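Novice: Spelled out from the first residue to the last, the chains are:
Protein chains: 2
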Amino acid sequence: MIDPTINTDRAGEDFIADFTSLSRIGATPGGGVHRLAGTVEDGQLRAWLRNWLESRDFTVTIDAVGNMFGLIEWTPNAPYVLVGSHLDSQPMAGRFDGAYGVLAAAHAAVRVRRNVTATGQTPPFNLAVVNWFNEEGARFQPSMMGSSVFTGKLSAEHVLAITDPDGVSVEQALTALGYRGTDAAPETAAYAEIHIEQGRHLEKDGVSIGLVDATWAAHKYSAVVRGEQSHTGSTVMADRRDALVGASRLVVALRDLADTFADSALHTSVGQLFALPNSPVVVASEVRMVLDLRSADAEVLAEADARLHEHVAVIEKRDGVHIELTQAHFWGVQSYQPEGIDLARAVAGELGLSSQTMMTLAGHDSTNLKDVVPTVMLFVPSVDGISHNEGELTHDDDARAGVDMLTEVLARMCQGALQDAVLQHAAPAQVAQR
Amino acid sequence: MIDPTINTDRAGEDFIADFTSLSRIGATPGGGVHRLAGTVEDGQLRAWLRNWLESRDFTVTIDAVGNMFGLIEWTPNAPYVLVGSHLDSQPMAGRFDGAYGVLAAAHAAVRVRRNVTATGQTPPFNLAVVNWFNEEGARFQPSMMGSSVFTGKLSAEHVLAITDPDGVSVEQALTALGYRGTDAAPETAAYAEIHIEQGRHLEKDGVSIGLVDATWAAHKYSAVVRGEQSHTGSTVMADRRDALVGASRLVVALRDLADTFADSALHTSVGQLFALPNSPVVVASEVRMVLDLRSADAEVLAEADARLHEHVAVIEKRDGVHIELTQAHFWGVQSYQPEGIDLARAVAGELGLSSQTMMTLAGHDSTNLKDVVPTVMLFVPSVDGISHNEGELTHDDDARAGVDMLTEVLARMCQGALQDAVLQHAAPAQVAQR
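Quick mapping for you: the protein sequence lines, in order, are chains C and E.
Throughout the first sequence, residue numbering follows this note's numbering, covering 1 to 434 in sequence.
Throughout the second sequence, residue numbering follows this note's numbering, covering 1 to 434 in sequence.
Simulated from the structure, these hints should not be mistaken for lab results.
Since the structure is predicted, the reported quantities are computational estimates derived from the model, not experimental observations.
C-beta atoms are modelled at their ideal positions from N, C-alpha and C, and glycine is treated no differently.
Certain hints may be false.
[Said to hold, decoys possible] Example chain C residues on the side facing chain E (calculated, C-beta under 10 Å, incomplete):
| hint | residue |
| --- | --- |
| 1 | Ser230 |
| 2 | Val245 |
| 3 | Glu324 |
| 4 | Gln415 |
[Said to hold, decoys possible] Computed footprint of chain C on chain E; a stretch qualifies when at least three of its residues, placed anywhere within it, have a C-beta under 8 Å from a C-beta of chain C:
| hint | stretch |
| --- | --- |
| 5 | 56-62 |
| 6 | 221-231 |
| 7 | 287-295 |
| 8 | 357-364 |
| 9 | 371-379 |
| 10 | 413-419 |
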């Protein structure tokens, strides 16, 4: 255990003040934030973090796809323990998703360094705070973009050429912000991340810390529904091939599919839909959308996927449309290293924090990192599980407890606590996506 | 009858050449046009028409909302017979919708003037070719905007402040193009318009000219579906209030409602839909769309409207969303003046063109004009009735026959043929919309 007297922010007041400060960047009138990856607001918060780190003697580096690292080097040429999350947000989103984890990492790193200085116990690993580029995938798809490049699942060249709906590329956006870096990413020994739960289990059970042991499986499709453009008034109904009708029937079928599985075993959704040409008096010629199916049970997901394809065939025939489904991202139920879970459970116990293991329904950058290095993923409670919404809230006490928890886990990881952990997976061919 | 030898374009070759020329402006690779109201392409075609008219000694004037008039004055201070249509198009639309009617009007006017000069029979009315601003309503709603202001159904001030989805106002768009005019609109005695059918009745029956005797009734609603923003992955299905699911259920209900009425008596559609925030991993908080119900039978429309509201209540409860329907435009089955139909029928007979009366399912600028002056609305055949689609086609022979028909009708209207026609309607409170 780190000697508590070494921590100059024992009441966590500095942490809360810093979080309040950064939450002003991209703030929305409804109490949330709007900081899409590669936008001006993302750049402003990056500048804020860079200043915070450099004023505390971190060395800040930027890699080719805008991942930011704040380095503390104790042992030249030794690999780094990384700790962080992401600063970008969804549109009109909450303050905590991502940003909480980055700031918690920065504060935890400062505390660990203070302890190293005080005790003189130089760790075998160096330490780096990280802000991953574009975890959300709201403006540029896919999500978890920076960590996907970092872990070799996507190439930097591929990612830099991806464009947003206005045709602006990742490279253009990063260059405009000054975050198209040239630094090599640090060699990495292990990774830790803390995040709000985005669910209500911890709150309901009155538990302080979630120990993530696995991800839900997910099937994500890009769907294109093709019909024929015509006049909404004059075209006889029987002659129409209305892409928006076909798309709407698919949205409804996917939603109702979830209800055919008991115990909330299947989550389904369509979050994004573009109709073309989208004029009030024109029958839509084409609709593009993203389908999202998730389950903790691979068999449930396979069954749901089969039924989805049955619905597609029925809708194609009924509405005279053609529906093309392209696999955007598929991943299975994937485990985090049990050694990391054991470490975190022990730390929580020593700190007097209640904890429980749980799965994550959402994807995180740790989903990528766990495939290449031993990884610890922690959750703190989130009021009513509200997520991707301005009303997202984690109470100050829970937020501070999370920083304390992360600090102690990080200290032990820097000392080599997970050196012997065995990777559960080879790097998969598919990139996981939130 | 005008002496055919007076017409220097008896084979209609000049007309077809001019139509080919103007169809190059805003041309799409698929053989259609893309010339939304107030865009650069609209401005280019306006310049083309202005040049065409001025080089033939028309006086071109522009009113406050961008309506263009090409005036021929024989008798100072006498009112004008107007003839025209619109040059703007839907997105990725056909070449004929609107533009055919404007060019036919211009050619007909030249022929009528030539006849007046040759015969020395000065008409009691003057003559004006008109290009109404924004008939389509694709970029700025409502449609039939220019003729609505002209007929006093909307104020110029109201219309000029209307914005497109990017926040550009009608006034800004017209000013940028140089078509925010200051000329007074001409005093009007009567109106004539020719248009492609946008249906397949004429083609099927082998008839050359449609004599429009009435409009279908229509109910148009702006709909806002409100839910709650959340995470597509982590939010439990039962906790979701998905605006896109509610909206999709409404699209499907409206489509299937049409099938509950026999004989294609009801047309329904949703052509435009915007989802917010429209991110792949965010459950939609809000969807905005336009609902369109049309029928030739007012009782059918009333019954359909009642059932639509029943569906709304069911969907609100089922999906936990709130649905707000706002009446955008309502109009009933409305007649054109029988005197105009009789005149056109007689002309067709004298020209050896087959004709039949028919209703229009789509709205036209003539829908507005008929409420304030005697109005003749003519259709020419359209292959397969394809409309609001690049594949829209009217054969040259049919297009030329339409110009001949319009010329003779116009000549007689200028001589006062409809002076005694009785208006069927007082100007209604609601503006008709396509």
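Novice: Hint by hint, say whether it matches the structure.
Specialist: Outcome of the hint check:
no.: 1; hint: Ser230; verdict: 6 Å, holds
no.: 2; hint: Val245; verdict: 5 Å, holds
no.: 3; hint: Glu324; verdict: 17 Å, violated
no.: 4; hint: Gln415; verdict: 33 Å, violated
no.: 5; hint: 56-62; verdict: violated (count 0)
no.: 6; hint: 221-231; verdict: holds (count 4)
no.: 7; hint: 287-295; verdict: holds (count 3)
no.: 8; hint: 357-364; verdict: holds (count 4)
no.: 9; hint: 371-379; verdict: violated (count 0)
no.: 10; hint: 413-419; verdict: violated (count 0)
Hint compliance for this structure: hints 3, 4, 5, 9 and 10 are not met, and every other hint is.
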